[in-house]
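Residues per chain, in single letters:
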Amino acid sequence: MEIPVIEKGQLPPCPVAADALQGIPRQQTNAGLWHGENWRSFVGELQAAGIEVREDRGSRGIYVTDAGGLAHGLPHGVMLAQDAQQVAMLMMKAQHYRIPVTTRGGGLTTEGEAVAYGGMLLDMTGMCHLLSVDKKALTARVQGGMLWHRLAELLRIDGLDYISAPLNLASSVGGTLGVGGIDVNSARYGCSADQALALQVVTPTGDIVECSDDQNVELFQRVLLGYGQFGIITEATLKIRNYTPMRMHYFFYHSLRAAIDDLMMLDQRGVCDYTGILTLMDKAITLLVGFDTPEREQDFRHIMISRLRGCREKKFALRLLGYYLPRPWRWRQLRFLLRWKQALFPDLLPAHHMQKGVLHDRSAVFSRAVWKHWGHKHMVIPDLAASKEKFITAVERGNAVCKKYFPYYTLYCVGIKLRPEHQPHYELSAIPPDATGWSYGCEFEPILDDERHYSRDYLQSFKNAIYDIGVDMGTSYYRFGGMMKAYIRRALGDAVVDKHLAWKRAADPAMILNRDVIF
Amino acid sequence: MPYNRCHGCGLCTLVCPAWQQHGDVRETPKGLARALQYDGKVIAEQAFACVLCGACEPVCPQQIDLIAFMTNLRRRAVRAGYRPEIIKQLRHDLAATQFPQQEIQPDKTLFLPSDPLRRDEFRMRKVTSLLSTQFDLQVLDQEIGAVSAALEAGIDVPLTVLNYFLAPLRDAPLVIVDDGLLLDHLRIWLPQQKFSGLGIILSKLRQIHAWLKPTDLYVIESRAFHNQYRQALPHYHQLQQRTECKLNWDLQRLAIPTARTFTPQVHTGHSPDPLTQLRWMLRFGDVARIVVEDMHDHALLSTLTQKPVIYVAELAQI
Ligand SMILES: Cc1cc2nc3c(=O)[nH]c(=O)nc-3n(C[C@H](O)[C@H](O)[C@H](O)COP(=O)(O)OP(=O)(O)OC[C@H]3O[C@@H](n4cnc5c(N)ncnc54)[C@H](O)[C@@H]3O)c2cc1C
Ligand code: SF4
Ligand code: SF4
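Going down the list, the protein sequences come from chains E and F. For what it's worth, my numbering labels the leading residue of the first sequence as 32, then goes sequentially. For what it's worth, my numbering labels the leading residue of the second sequence as 1007, then goes sequentially.
FYI, nobody ran anything at the bench for these hints, they're computed from the structure. Careful, some of the hints might be misleading.
In silico EDC-like links for lysine to aspartate or glutamate, alpha-carbon gap of 16 Å or less [as the list claims (entries may be wrong)]:
hint	chain 1	residue 1	chain 2	residue 2
1	E	K387	F	E1250
2	F	K1047	E	D87
3	F	K1047	E	E33
Turn these sequences into a full structure, and let the hints steer you where they fit.
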């Protein structure tokens, strides 16, 4: 039974395609609308095979945009993934009828990569089961639609945890392995994709293939960090670890350069288990460090603290006052800084997650804090990923762009440890080609609220300005998907892109799987 | 906040027992709000998979009143003719509710017990004597089951009934309510009035928490807990630290609901199954005894497990 129409929400009744922005061209996902050729025959065949295709507007409307909220598109139908066989059947038929298929996990992309501009949307969250855990080998086999939060809950039963995942627990394993997945411990363990030991993949032509470093190696290399171009991840074997709570410390800086220097120094020495920088504009720069064990924390206290250029909170507050007191025209900014600090910091160390001074379930804490303090209908988070050598310049240039566009913003920087043996995975990905040892990523995020309204064009032009730095400096992009088509060629060059495009054409003759995202 | 503020973060999905058991986003606040934002229509059955446990509300970064959102959807469905036979019966029960004239003594804390507690003389006596150690107490002799069932099913409570029901509550300095869903509505109906759930008050008493053991699973009543999340969270955290008992908490410190409802007839096959919920609460093992805050949960869990299930007030040695 349908519930009669309530007041309509805010979305326009006719969703616009990604390239419908007036004024500022979207250089990202320039997907054209797909108009539905052969749709009915395709759906008929799926239904005959007992597969449910949801075609009502409500069911499709759930997926009309992603976390970015700037690109809108409506699929012709939605399929909730159940198992690899059903997904394989979908791909076989889709290939035959040339129907675009957009895979979606948590849908937390910000450039419309997980939005379908027509065709079939495959919602992977229907496949959210933990299949097995090997406590000795510390590995877990999960379905591709497994959400990180659910995985953390399930592993905790055995005192285990995943290794690294986005600070955004509603994202999925499959969606993350295709993108990278950066955590505050990535400088120690690498990105989430580096934790994958084996995958079950449904290829664009509908074969179900197991791949790993020893089996179907090429497919493994393409799919990990491959942005869903070369197959749909239906299962993954992940490295996991024993659960540990986190001991956290903050150090405050005035200078981005000094904070980044210290971050890199700590990463290189491997003395911390978690490192990252979070700033409020370029005024309050916080270096966050964390430890899994009291011993590591002790070592850090003894050896490292005195070498850091940052200071503790009280000293920083005094310095900040010293800066702002003679500048009354900046007091508004000071008020903002204080308000934000007061609101945010308790949420990063909430009393109900603390036991004996140690933070438990950090992932749930950070994820909720991220959404509470940065959540907006438009998540505008352009990013850059660079080699160590280029990183500081990239951040400073990005910071200047942020200043030009917004009164209030934050930067979030983390290191990503690179695994030399994973070089083939990195080739067309978030990892910049010239990075060795570590790559560094920075997100540039305006603080948006309901008081100031920015047009979509304005937000888009800000993102373009950040991405242009990447092109200019020859860096990559932290979450990679953000860069998309036009940027990939410009940043990484034709040779690499054409090589991967040729692979894509061979793997996906009708070019239907997550089309227009990269190629 | 209205539902059209939903930006689809999915945090509500993660904690929703209906989603955890059935994996269909259409039945979560995210799915319903996004569908409405786009289309203005949803299917009634999707709104009735929800058991109004309230876990989604405190996690929503947009502070959307998700329980109000869900019950509002149900009201619309009922007005449009959802399951008419069942609704007719529930309306009849509501109309048959008696509102005894009771002299209310001003300045006394009012206690509104749930129907099963009222009927259980022994436990009722325990609860009132415990409460009397803290409050100058008056018990309201009022059946509430039909009102709660109506609210749960999405039936509009007629104004006359509501007036009778609310009249005695208006002047009390504090009303202790033994029903989480009712608590939620009472706060909306009488915004100036002070209310509290029963569970949080009882578990604050030394006579209760002194007897909790590390091998106890203490089952917080999820509706009341989420309704008063800010005050309840530090209290239960402390309770857990002090007694080392296990709580029916998830990683986000939300209460895992038993998923019991007053009106199983209006729910759909996709409503979460209580046995699965109980297994999830018991996932860490090492539980010798289950202590519950709510008499409905007591009745339900006693049928699902061999472990002793005791009502919270029974802990007190008075
Ligand atoms: C508030 C916020 C905070 C964030 N924080 C972080 C962070 O800390 N670190 C970080 O790395 N990222 C972060 N992100 C980005 C985002 O969370 C990641 O990109 C995330 O991992 C995407 O996962 P998902 O399940 O949402 O994927 P989706 O958005 O659904 O999909 C991502 C891409 O993968 C494809 N895909 C999805 N599922 C599969 C599958 N099973 N097989 C193959 N391809 C698939 C999709 O087609 C799409 O192209 C953040 C985003 C937001 C909005
Ligand atoms: S109230 Fe509970 S069952 Fe209902 S949508 Fe929220 S979390 Fe799910
Ligand atoms: S938590 Fe709130 S904002 Fe997020 S998806 Fe659910 S209803 Fe929407």
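How the hints compare with the structure:
| no. | hint | in the structure |
| --- | --- | --- |
| 1 | K387/E x E1250/F | holds (13 Å) |
| 2 | K1047/F x D87/E | holds (10 Å) |
| 3 | K1047/F x E33/E | holds (7 Å) |
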